[in-house]
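Participant: From first to last, the protein sequence lines are chains S and R.
In terms of the working numbering, the first sequence is residues 60 to 147.
In terms of the working numbering, the second sequence is residues 5 to 222.
These aren't lab readings, by the way, just hints derived from the structure by calculation.
Ideal placement from N, C-alpha and C gives every residue a C-beta, glycine not left out.
Worth double-checking, as some hints may not be accurate.
Claimed, not checked - Quick partial rundown of chain R residues pointing at chain S, CB under 8 angstroms, derived from the structure:
hint, residue
1, Arg175
2, Asp182
3, Asp184
4, His186
5, Val187
6, Ser190
7, Pro191
8, Arg195
9, Gly199
Said to hold, decoys possible - Computed footprint of chain R on chain S; a stretch qualifies when at least three of its residues, placed anywhere within it, have a C-beta under 8 angstroms from a C-beta of chain R:
hint, stretch
10, 115-126
11, 135-146
To be verified - Ranges between beta-carbon positions, derived for each pair:
hint, chain 1, residue 1, chain 2, residue 2, range
12, S, Ala87, R, Gly199, 34 to 44 angstroms
13, R, Val115, S, Gly132, 47 to 57 angstroms
14, S, Gly132, R, Asn40, 49 to 59 angstroms
15, R, Asp164, S, Ser81, 29 to 39 angstroms
16, S, Ala87, R, Ser14, 45 to 55 angstroms
Below are the chains, spelled out letter by letter.
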Amino acid sequence: MKTLESIENTVRSVLRDVLGISRERADAFGPDTGLFGELPELDSMAVAGLLTELEDRLGIMIDDDEIDADMLGTFGALVDFAERKARK
Amino acid sequence: MTALFSRQTSRGEVLSCGLKNGPQILVLQPLFDEANRCRRTIALMMRALASRGIGTTLPDLPGLGESLAPLAETRWEDWQTAVSDWVNDIRPVALAAFRGGALLDSVPGIVAHWRFAPETGARIVRDLERTRLTSSAADKDVLGGHKLAPAFIDALRTADLPSHSLMRTVRLESDATDADLHVPGSPLWRRAEPGEDAALAEALAEDLSQWINQCAAS
């Protein structure tokens, strides 16, 4: 089972890869860092890529009805969501 | 560095690189917007292959890239026919397919199939459908911003990766799926801002050229 830290690292590296942002910028993300609606790089295409990469790298399945502005709203919310899914 | 040049085929102009009289490889790009995001890295790979004496050709599928064909009227068979026609024109020793391009790599006369991060049609359609979750477009014929014929979407959704006896699959290290080789790099096809990855292009060119030479020797 993946630890919380490794899940957070996976979410961070997926964001870095999908958004094409620097390691420094991704490493500076905290629980309250705004994502969807805040980061211009996170457009609808990037959201789709983000979800698929999270599924592949965490071995989870995400249903469309689980996706909303809240779970994508902040880095902390996205990590919480990923952790819940990975522990199921 | 070898420049890319325009080459005439029976299906219009395509981009080529390297000598015309050496072994040739036909490169099948990722589908839809993924192609734009990978293009610079693929061009770097083509140049790296040219420096190894291998010529490459990179066509745009009907309705995509520089092609003037209307995508909304394109049928899945049109893509298959286009690939067959380019194979007949170029007579490649191998097909090198990226992502969804591998769905089209089953062509008579081609023995060697090299693939990078191949993807099934179902997963490609799923990605495209997911772009709707956070966009205002609700039209079911519009996928990832492209208007497509419903029959085309159905054909793509059910398109599986053909299996071949002589086949090599390369994937990224971050991808846990089985492959003959995993290489470092990031999934450029996901990036909103197209980048280029020279190290990845070089690694792919090295693997592809070695494999082609092995195939030729056996």
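Participant: Each of the hints needs a verdict: does it hold here or not?
Facilitator: A quick look at each hint next to the structure:
no., hint, result
1, Arg175, "violated, 11 angstroms"
2, Asp182, "violated, 13 angstroms"
3, Asp184, "violated, 19 angstroms"
4, His186, "violated, 13 angstroms"
5, Val187, "violated, 14 angstroms"
6, Ser190, "holds, 4 angstroms"
7, Pro191, "holds, 6 angstroms"
8, Arg195, "holds, 4 angstroms"
9, Gly199, "holds, 6 angstroms"
10, 115-126, "holds (count 5)"
11, 135-146, "violated (count 0)"
12, S:Ala87 x R:Gly199: 34 to 44 angstroms, "violated, 20 angstroms"
13, R:Val115 x S:Gly132: 47 to 57 angstroms, "holds, 51 angstroms"
14, S:Gly132 x R:Asn40: 49 to 59 angstroms, "violated, 29 angstroms"
15, R:Asp164 x S:Ser81: 29 to 39 angstroms, "holds, 38 angstroms"
16, S:Ala87 x R:Ser14: 45 to 55 angstroms, "holds, 53 angstroms"
This entry does not satisfy hints 1, 2, 3, 4, 5, 11, 12, 14, going by the numbered hints stated previously.
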